[in-house]
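Go ahead and model the full structure; you've got the sequences and the hints to work with.
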Amino acid sequence: MIEFNPFDDLIVKEPRRPEPAVSGLNEQPLRAVLAHFERLAAGAPPRRVQRAGQALLVTSDQPGFGKSHLIGRLFRALHGRATLIYVRPFQNAALAFQSLLAAVVKELHFPDRADWESWKPEEPTQLDALAHGVLGHLVADLAEKQGDGDPEQVARIRRDPLEAFAQGNRGDAWSDWMRATFEDHRVAYDAAMARRGLSLHSPEWLRVLFAYGYGYPDRMVRQACLDWIAGQSLSAEQAGAIGLRAADVPHAEMSAEDANQTSRERLIDLGQLAAFYRPFVFCFDQTEAYGHAPGLARTFGMVVARLIDEAANHLTLITSNQDPWTTTIKPHFERADAERIAHPPVSLEGLRREQGEELIRLRLAASEAPAEAATEMLGGDWLSARFTTDRDRVGTRQFLQSCKERWEELRHRPVTRTSLPELYEARRVNLLAEPKRLLFDADLLQWLVKTCADGLPDLQIASKGSGYFTTEWSVSERRIVFGFEPGSNWKRWSAIARHAQERAAKQPGLKAVCFRGTEQSAIPGPAWMIGPAIEEAKRRCLQLIVLTRDDFAVLHAGYDLYAEALGGDIPPFTSTDVVAFLRERFAHWWERILAPIESAAEPVPPPDDGSRMKALAAEVRGIVAAQKFLSVEEVIGNLAAAASREEVLQACGYSAEIRVHAHPQMTVLQWQSI
Amino acid sequence: MAVRPRSFSIEDAREKITARLRKAGAKGALSPVTPKMSVEKRQTYEEALIQMAGAGLLVAVAAGAKTRYFLPELAPSAASAAAKIEQAAASKHPAVLSLVELKKALPTLEKPFVTEAVQQLEADLRLIKLVHGKAFVFAHAETLRTLLGPTAQEIQDPAIDPDRMRDAYRALVARGGFPAVQIAALQRETGAGLDELKAWLLAEHRSGRAVFGLGDWSLADLDARAAAIELRGERHLLVRLED
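Protein chains in written order, with my numbering: chain A, 3 to 676; chain B, 44 to 286.
Source of the hints: derived by calculation from the structure; they are not laboratory data. The reader is advised that the hints may include incorrect statements.
Straight-line Cα separation of at most 16 Å, EDC-like style, residue types lysine to aspartate or glutamate; simulated pairs [what the hints assert, rightly or not]:
hint, chain 1, residue 1, chain 2, residue 2
1, A, K508, A, E479
2, A, K332, B, E116
3, A, K508, B, D55
4, A, K466, B, D55
5, A, K466, B, E54
6, A, K466, B, E58
7, A, K332, B, D55
8, B, K59, A, E479
9, B, K127, B, E83
Following this line, the structure appears as structure tokens:
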């Protein structure tokens with residue numbers, strides 16, 4: 003019988019994972035946030051382009067009052083009604099809008115539902131729904147204006163544009179009609195958009211949305227659309243594939259300012275286009291990180307203010323603990339920017355005694371603990387020592403920590419505080435089951451080389467403006483520069499290789515390091531004419547580190563631990579403790595980065611086509627659904643073919659019903675009906 | 044393949060400007076453009092300065108006939124000017140200071156922020172605006188509070204007046220927006236003795252009318268820490284008063 007402490011999980015690590023909610027706890031703050039959203043979502047799409055109201059600040063007196071839990075409840079309440087963007091702190095002020103847009107595009111390219119069915123490759127993504135929403139409603143507008151459409155058909159399109167056009171599949175009459183007539187009707191669609199009050203920065207949106215919505219299963223076309231929406235440059239071939247001229251795409255050698263400006267315009271345009279689909283909700287969490295960098299804090303205020311002033315159809319939510327907000331974040335805002343945030347903030351509350359009792363029962367039920375466990379936990383005057391009166395309030399995490407200790411005491415076991423390595427490992431294991439996080443993330447990588455590496459012996463770190471290489475390491479006489487290019491445009495990579503070589507020529511021994519994810523295309527691409535020159539740069543001075551999903555889990559686990567420490571979520575550990583721990587833990591990363599270019603040949607991970615993972619996900623799902631509660635090792639023992647622990651955990655990420663409990667001695671998988 | 048000499052690009056200009064600003068630190072740097080520079084290079088620098096200012100990568104501050112440039116985090120601002128003005132007002136007490144005198148407390152680069160800084164200090168009740176003849180003068184608020192001490196009423200009756208305490212709490216909530224206020228701020232607002240205030244708050248807590256919050260010890264100043272209430276082995280910096 004597997005037994006673990008039901009109160010081990012003190013932190014909501016992923017807001018989208020279902021967590022039982024205590025009745026009445028923070029109900030009022032949740033209702034307040036929902037009320038702001040309802041104004042945006044009134045009626046059926048297409049809606050008018052609505053200005054955003056002020057941003058909402060959700061605060062708590064102390065860490066552990068349930069900010070992330072509230073976001074989780076909000077996300078579930080708005081599921082299917084809003085495009086929900088969870089935003090972690092950006093690391094480069096010059097590219098703040100690019101970071102935010104990257105989070106939006108990443109989310110849009112995932113299906114809406116987080117359940118098993120949504121992992122079918124043909125399941126439409128949220129961007130499919132947006133593209134069909136825009137085009138479908140414009141078709142309906144034209145039909146109504148010309149008075150020549152069947153009213154029932156028009157109503158059907160308005161009701162569900164994605165379904166009406168059969169998700170853009172070939173062979174469907176309406177879908178084929180759209181393909182055949184899109185170019186002829188484009189001017190009329192533009193006019194229809196203008197009549198609805200939309201004024202987009204780029205006139206090419208409809209073409210890009212059409213190419214994406216009707217481009218499945220052509221991965222190259224859809225990736226080109228995603229790159230364009232993300233404000234990245236496209237090669238002539240990519241641009242041609244979606245019907246754009248070279249002049250319609252951002253320049254390959256655009257500056258950081260231009261890239262950031264393009265991203266800002268794309269965000270504003272997406273806000274307007276959301277009128278045809280559903281509003282955005284931006285949740286800026288873990289904002290305590292800005293309190294340690296005045297420049298970032300000031301830019302954060304500016305980003306929020308620009309969103310409020312310029313982007314329509316969205317609700318912006320910021321979470322922060324009260325003291326960091328008032329003393330280290332807001333003081334760096336421009337006054338005008340601070341005024342874009344509603345006053346007073348939405349304040350969270352602690353648990354009352356009766357809610358504490360309910361939380362105990364919920365946790366025990368979720369872990370299928372025996373019935374007498376509740377009597378034990380709730381018996382005696384233990385609770386009275388936690389709550390002076392029935393009206394007293396205690397922070398949720400503080401209370402869970404007390405429960406965790408009592409659970410151990412009742413079993414006559416010593417209460418041990420979880421160590422940093424254990425906290426880190428629990429996060430890594432849980433992250434393996436979070437497929438949305440295990441992708442290229444420029445901010446994460448900047449944090450690795452700027453913040454996490456700070457303090458390594460003999461290492462000086464400098465931010466280097468806004469070129470291709472924005473961070474520089476000086477180690478004795480050596481220089482290592484870092485670039486965080488997210489795109490796959492050959493021209494841009496050609497420029498990166500050229501810049502690396504030019505700098506290496508001036509400073510012998512200089513190495514340039516760039517990163518890729520295995521989900522991204524290889525650099526150089528197989529058909530690139532510039533390929534040999536890039537390979538030559540790789541031999542001389544350019545190191546491309548390709549990160550697997552396991553690598554991203556390792557780095558994100560470190561980052562999450564750091565962010566939690568900044569937010570006071572893992573007392574007594576501070577961010578300094580965490581960084582000191584990670585500097586040792588990531589020793590192999592520093593070795594990999596510091597290796598001379600001659601010996602820095604990067605292993606090429608096998609291509610990630612997803613088919614093996616899908617099969618494994620189905621098998622793991624079947625085993626956990628049947629047995630309800632078992633360890634990862636037991637699952638591995640039941641598999642038809644061998645799989646690693648990491649692979650099994652990744653497979654769990656494809657089933658929202660599987661909950662991963664990472665404990666120091668064992669990782670347990672639990673089936674929870676949704 | 045012949046290698047063409049590379050011209051001085053915007054990218055180069057931005058890198059050089061960033062390095063220059065980093066080196067200059069809080070003193071700021073003048074424009075990198077020099078009279079001997081080629082027209083092409085000068086234009087490149089000027090364009091880079093405009094772009095960087097537009098993107099928020101530097102802050103330009105007019106200083107007499109010249110402009111100084113700063114990295115955003117090191118630029119003079121209303122907040123930095125406010126700190127210096129408050130310090131000057133405190134050090135000059137009991138004298139009250141005019142706006143011109145307050146401006147003298149600022150280095151040249153922060154002088155343009157004097158009006159905004161004073162408005163900010165007034166709004167935060169850190170500076171008190173008074174009228175003398177036709178002129179406005181300013182006094183340091185905290186010094187006055189300390190000087191005034193408890194009112195005659197309080198001296199006669201050292202016990203806490205619950206209504207006055209709740210009024211002060213409501214004023215703090217209205218000003219800051221947060222229902223949890225620092226115990227130290229409540230003490231400053233009311234002038235109550237710290238020991239009496241703590242005793243009263245604990246009694247209110249036992250009656251279910253006050254809830255304590257931990258706050259963030261690492262960010263608390265000495266006054267806030269001195270006012271903390273220890274309960275169940277933890278130090279609470281904040282309190283919510285409930286009806």
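Structure-based check of each hint:
1. A:K508 to A:E479: Roughly 13 Å separates the two Cα atoms, so the pair holds.
2. A:K332 to B:E116: Distance ~14 Å between A:K332 and B:E116 Cα, so the pair holds.
3. A:K508 to B:D55: Within the cut-off at roughly 14 Å; holds.
4. A:K466 to B:D55: holds, 11 Å
5. A:K466 to B:E54: holds, 11 Å
6. A:K466 to B:E58: holds, 7 Å
7. A:K332 to B:D55: violated, 34 Å
8. B:K59 to A:E479: Status violated; Cα separation ~21 Å.
9. B:K127 to B:E83: violated, 42 Å
Hint check: violations occur at hints 7, 8, 9; the rest are consistent with the structure.
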